[in-house]
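2 protein chains.
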Amino acid sequence: MVDIASRVYNHKWKIDPIVRSLIDTDFYKLLMCQSVFRNRRDTIVTFSLINRSSHVPLAKLVDEGELREQLDHIRSLSLSRGESTFLRGNTFYGKRQMFRSDFMEWFEALRLPPYHLERVGDQYELTFEGSWPEVMLWEIPALAVLMELRGRAVLKDMGRFELQVLYARAMTKLWEKVERLRSLDGLRVADFGTRRRHSFMWQDWCVQAMQEGLGSSFAGTSNCLIAMRREVEAIGTNAHELPMVYAALAETDAELAQAPYQVLADWHEEHDGNLRMILPDTFGTQGFLDKAPDWLSGWTGIRIDSGDPALGAERAIKWWHDRGEDPREKLVIFSDGLDVDTIIQLQQQFAGRVRVSFGWGTMLTNDFRGLVSDNRLAPFSLVCKAVAANGRPTVKLSDNPNKAMGPQTEIDRYKRVFGVGPQQAMDVVV
Amino acid sequence: MVDIASRVYNHKWKIDPIVRSLIDTDFYKLLMCQSVFRNRRDTIVTFSLINRSSHVPLAKLVDEGELREQLDHIRSLSLSRGESTFLRGNTFYGKRQMFRSDFMEWFEALRLPPYHLERVGDQYELTFEGSWPEVMLWEIPALAVLMELRGRAVLKDMGRFELQVLYARAMTKLWEKVERLRSLDGLRVADFGTRRRHSFMWQDWCVQAMQEGLGSSFAGTSNCLIAMRREVEAIGTNAHELPMVYAALAETDAELAQAPYQVLADWHEEHDGNLRMILPDTFGTQGFLDKAPDWLSGWTGIRIDSGDPALGAERAIKWWHDRGEDPREKLVIFSDGLDVDTIIQLQQQFAGRVRVSFGWGTMLTNDFRGLVSDNRLAPFSLVCKAVAANGRPTVKLSDNPNKAMGPQTEIDRYKRVFGVGPQQAMDVVV
Numbered sequence: 007m008v009d010i011a012s013r014v015y016n017h018k019w020k021i022d023p024i025v026r027s028l029i030d031t032d033f034y035k036l037l038m039c040q041s042v043f044r045n046r047r048d049t050i051v052t053f054s055l056i057n058r059s060s061h062v063p064l065a066k067l068v069d070e071g072e073l074r075e076q077l078d079h080i081r082s083l084s085l086s087r088g089e090s091t092f093l094r095g096n097t098f099y100g101k102r103q104m105f106r107s108d109f110m111e112w113f114e115a116l117r118l119p120p121y122h123l124e125r126v127g128d129q130y131e132l133t134f135e136g137s138w139p140e141v142m143l144w145e146i147p148a149l150a151v152l153m154e155l156r157g158r159a160v161l162k163d164m165g166r167f168e169l170q171v172l173y174a175r176a177m178t179k180l181w182e183k184v185e186r187l188r189s190l191d192g193l194r195v196a197d198f199g200t201r202r203r204h205s206f207m208w209q210d211w212c213v214q215a216m217q218e219g220l221g222s223s224f225a226g227t228s229n230c231l232i233a234m235r236r237e238v239e240a241i242g243t244n245a246h247e248l249p250m251v252y253a254a255l256a257e258t259d260a261e262l263a264q265a266p267y268q269v270l271a272d273w274h275e276e277h278d279g280n281l282r283m284i285l286p287d288t289f290g291t292q293g294f295l296d297k298a299p300d301w302l303s304g305w306t307g308i309r310i311d312s313g314d315p316a317l318g319a320e321r322a323i324k325w326w327h328d329r330g331e332d333p334r335e336k337l338v339i340f341s342d343g344l345d346v347d348t349i350i351q352l353q354q355q356f357a358g359r360v361r362v363s364f365g366w367g368t369m370l371t372n373d374f375r376g377l378v379s380d381n382r383l384a385p386f387s388l389v390c391k392a393v394a395a396n397g398r399p400t401v402k403l404s405d406n407p408n409k410a411m412g413p414q415t416e417i418d419r420y421k422r423v424f425g426v427g428p429q430q431a432m433d434v435v436v
Numbered sequence: 007m008v009d010i011a012s013r014v015y016n017h018k019w020k021i022d023p024i025v026r027s028l029i030d031t032d033f034y035k036l037l038m039c040q041s042v043f044r045n046r047r048d049t050i051v052t053f054s055l056i057n058r059s060s061h062v063p064l065a066k067l068v069d070e071g072e073l074r075e076q077l078d079h080i081r082s083l084s085l086s087r088g089e090s091t092f093l094r095g096n097t098f099y100g101k102r103q104m105f106r107s108d109f110m111e112w113f114e115a116l117r118l119p120p121y122h123l124e125r126v127g128d129q130y131e132l133t134f135e136g137s138w139p140e141v142m143l144w145e146i147p148a149l150a151v152l153m154e155l156r157g158r159a160v161l162k163d164m165g166r167f168e169l170q171v172l173y174a175r176a177m178t179k180l181w182e183k184v185e186r187l188r189s190l191d192g193l194r195v196a197d198f199g200t201r202r203r204h205s206f207m208w209q210d211w212c213v214q215a216m217q218e219g220l221g222s223s224f225a226g227t228s229n230c231l232i233a234m235r236r237e238v239e240a241i242g243t244n245a246h247e248l249p250m251v252y253a254a255l256a257e258t259d260a261e262l263a264q265a266p267y268q269v270l271a272d273w274h275e276e277h278d279g280n281l282r283m284i285l286p287d288t289f290g291t292q293g294f295l296d297k298a299p300d301w302l303s304g305w306t307g308i309r310i311d312s313g314d315p316a317l318g319a320e321r322a323i324k325w326w327h328d329r330g331e332d333p334r335e336k337l338v339i340f341s342d343g344l345d346v347d348t349i350i351q352l353q354q355q356f357a358g359r360v361r362v363s364f365g366w367g368t369m370l371t372n373d374f375r376g377l378v379s380d381n382r383l384a385p386f387s388l389v390c391k392a393v394a395a396n397g398r399p400t401v402k403l404s405d406n407p408n409k410a411m412g413p414q415t416e417i418d419r420y421k422r423v424f425g426v427g428p429q430q431a432m433d434v435v436v
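Top to bottom, those sequences are chains A and B.
Heads up, the first sequence is in the numbering used here, so the first residue is 7 and it goes up one at a time.
Heads up, the second sequence is in the numbering used here, so the first residue is 7 and it goes up one at a time.
So that you can see chain A by itself, here it is in the shape it has in the complex:
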């Protein structure tokens, strides 16, 4: 029977919105947002979209009008009552009332600030400038909108059954990955694929397939909305934007050298347990660990997000060992460019030596490689980063120079201050 009212209601949509909720974002954005709201609320930050895959001519593929409609729709969103109740009432990382009342009141009143969009050649220049806790919430939806609009552009000429077979192939592909992972003893893997997902519906499918296929090996999702709807754990801690902005605000080289630790000192006050995860690579992991204060070695774990992941884990294990900690009680989260082969290899290499967990991103939620001709649905490397804070440029060095960002003079200064030597370049796939 046709639900006539639903059909008529659906006809009234002017667009098919890609992002339909302010919590359709990575959970760590909300954790960081609360931290920023508390500690650096008035900082003026600029986020900017950067397409590291210049062979994907976004402005040719995606109509500017459609992009504006999607972004405008996001600006019309506000936290729903149920979403607010979830954030206020749910247990995150074993903790009730993770989000304080003052933050929740602010968040309930929030609408995302304006964006600036301009076409430059075949790419879009898309920036967000405003108070840090507000503009930081643009990053994930902006990326998700562009990824999905690009997908829609590719899909729009396909037939109904051709489309069904496309998704059949994608489902089969993912399920074969799940079947391979199922055999891994002690696996812990979470979905980290919101930002570069093929689409919201597809990410939601992937999460549910992982739930069924991996059972208790599936640790949860970084997507707060999907975590709420599917009743799984919301996963995520902190990201590079914290040390990048703190560092940009430093007045002296000495303050700069301390900035990444100041970030974690602020975090230390708020969080414990599995939320005490170090992300050490913003300005080079080795220097960060060498100069880290003692209280940091007591933290629960390290997230490895650039460079050779096995080397990174060995370095972490050695660091804990040198600091008198037992690595087997520590947690390593791998989150950079993972796919099944790397997950299997890293799990086999490190299980038993350290607690291991995986944040599986783009190759979970957007592995459409090889499914249409010319690979036009393959994921690509799109990021949205804090590029300036209170008028000063930010810098990221990373453990992979191909992921470095910022003006060259500032990069040089940071390298000097953080004692970063030669680095090994690795391809950035996504």
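Pairs count within a copy or across copies, as identical chains cannot be separated in the list.
Distance condition first, Cα-Cα at most 25 Å in a straight line; then the derived SDA-like pairs of lysine to any residue:
| hint | residue 1 | residue 2 |
| --- | --- | --- |
| 1 | 391 | 131 |
| 2 | 18 | 8 |
| 3 | 162 | 221 |
| 4 | 179 | 376 |
| 5 | 162 | 188 |
| 6 | 162 | 220 |
| 7 | 297 | 41 |
| 8 | 162 | 217 |
| 9 | 179 | 382 |
| 10 | 162 | 186 |
| 11 | 162 | 219 |
| 12 | 162 | 182 |
| 13 | 18 | 166 |
| 14 | 162 | 376 |
| 15 | 179 | 381 |
Think of the hints as simulated: they come from the structure by calculation, not from any bench.
In this text, all values refer to a predicted model and were calculated from it rather than measured experimentally.
Dock chain B against the given chain A, drawing on the hints supplied.
Relative to chain A, chain B alone:
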């Protein structure tokens, strides 16, 4: 929005019926039924289910109660008004009013006659006895019910996403076949897969995928209900049951020798054009063609349903040639055990020499080989045949002795009467 009424209505179903319409059957059954209704209406015929794949223990897999519920449901069916209108009003094979009023009135009043079901070891003995035009309509729904119940038995313990991936894989598999066929110049292929389909919904999907994927190379479906719903051609002419029953009714060897021609003489009166298809293999093709009356060489084509298909086509071409006919104006329909490889090979071998068409059956609508463990969804060789007429056993020789049927003494007599020499045995897959 949930359509509450639909949900509640669906809850009221006691079973999920597999066959929901009397025209969810092969179109040729209806053509033959009309012919039988006209010419041999009072013959008492017994149809019997025969599982040629004894390794599939149907009675262990399929609950007898569920089987009875499905068969009882079929006995409750009658022609709907729309179905009747379709049969009366649609153009079949270019002809309006294919079905005469007296036949339609009879069909509109028809309910299928009782069945006899008994478990014998791990198999079911399922027979239908009654007036020929009535019992003959049991064949296809009985087969479809058993095939689908066996599938349901295999699927019942699978998870939701496991199921979705199973169908995703099946869709991908079929689509890859469609993509291979798409490149064939001048291809004509029809769905002949009703009887041993995986399920009704799956057959319906396959037909639609062929419509989109093959365009005008898709000739239609043998399934009358799907032809109506999807607005494609209903395809099919006649089958072995006609000569088998006519032969069983013969009083003398001389009458027996003439029986297969008598079938086609009756058919000749009713049909022309593409409906004048010879099915020559019931009692051996070579003898049938050698002794065929001249008017038969004027018929449109030959359907090749057993034996080596290329040899069969060569024999047909030679026969037409010998009889002074131009084979390039004749039609060969291949319908035995086809899959993509054989279709491609036969098309390439015979295109240009004769008009070629394919009736693609089980490997179109039930190729679930390799998709679950132990191949428990692989199609198997289940048939439902006329085994007796007015108390006399029927016989089928076929061009493949593995497809022969009937008591050995009768087989020997038929071989003598029809002059069948040594035959080459071929595996019967489905």
